[in-house]
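For reference, the chains in residue letters:
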Amino acid sequence: NAGVTQTPKFRVLKTGQSMTLLCAQDMNHEYMYWYRQDPGMGLRLIHYSVGEGTTAKGEVPDGYNVSRLKKQNFLLGLESAAPSQTSVYFCASSNPGLEAEAFFGQGTRLTVV
Amino acid sequence: AQRVTQPEKLLSVFKGAPVELKCNYSYSGSPELFWYVQYSRQRLQLLLRHISRESIKGFTADLNKGETSFHLKKPFAQEEDSAMYYCALLNTGFQKLVFGTGTRLLVSP
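From first to last, the protein sequence lines stand for chains A and B.
Under the working numbering, the first residue of the first sequence carries the number 1, and numbering increases by one thereafter.
Under the working numbering, the first residue of the second sequence carries the number 1, and numbering increases by one thereafter.
The set of hints was computed from the structure by calculation and includes no laboratory data.
There may be inaccurate statements among the hints.
[Claimed, not checked] Straight line, CA to CA, 27 Å or less: simulated BS3-like cross-link-like pairs of lysine-lysine:
#, chain 1, residue 1, chain 2, residue 2
1, A, K14, A, K57
2, B, K15, B, K57
3, B, K96, B, K65
4, B, K73, A, K57
5, A, K57, A, K71
6, A, K9, B, K15
7, B, K96, B, K73
8, B, K57, B, K22
9, A, K9, A, K57
10, B, K73, A, K71
11, B, K22, B, K65
12, B, K96, A, K70
Construct the complete structure from the given sequences, taking the supplied hints into account.
Here is the structure:
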């Protein structure tokens, strides 16, 4: 009964390094989302996907790329990390429908030094 | 463009006092609104959605299209209500789920 799982839970990067955050869901959800959570800024949508093979930009997409090659996985990539990308990252998934509930992962705390 | 505004970063009340967490939105379509809650050391989870007109843990929220608001209310706050609360709007055209900046509710004994 895993739900939404994010890997890794914590990571420290040096400026300029790259990394990929993995989100996996086992609920057969169509939609997946990546958010970043910063103090005073709430949750801001980075990218999202409405189905396998599709992605779309959210509110703050710059500096990030995503891929949804498999329905159950949604990858968030940082090609060249910057200190401004220090944040807590959350993945979520849901199904279509007005009453659809978004299920969230436990978060990934990323620090870029 | 869609936007969700939560004007209060922190709301501090005593146990038993009424609580109202404010949420205003801007959206050109018909809004689908939700409240999510994040308790300490737990995942963000759905609290309630306007379309269901439900009451969860004593909380209710009414959509007021005239005032473009979806305030969360509870008549008598409990200490276990202390958490971070987020108002969210679903753009049904693009299926974008957008959140406000959140309000931290602190209920003191």
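So, going through the hints one by one against the coordinates:
no. : hint          : in the structure
1   : A:K14 / A:K57 : holds (25 Å)
2   : B:K15 / B:K57 : holds (15 Å)
3   : B:K96 / B:K65 : holds (20 Å)
4   : B:K73 / A:K57 : violated (33 Å)
5   : A:K57 / A:K71 : holds (18 Å)
6   : A:K9 / B:K15  : violated (34 Å)
7   : B:K96 / B:K73 : holds (25 Å)
8   : B:K57 / B:K22 : holds (18 Å)
9   : A:K9 / A:K57  : holds (24 Å)
10  : B:K73 / A:K71 : violated (37 Å)
11  : B:K22 / B:K65 : holds (14 Å)
12  : B:K96 / A:K70 : holds (20 Å)
Hint check: violations occur at hints 4, 6, 10; the rest are consistent with the structure.
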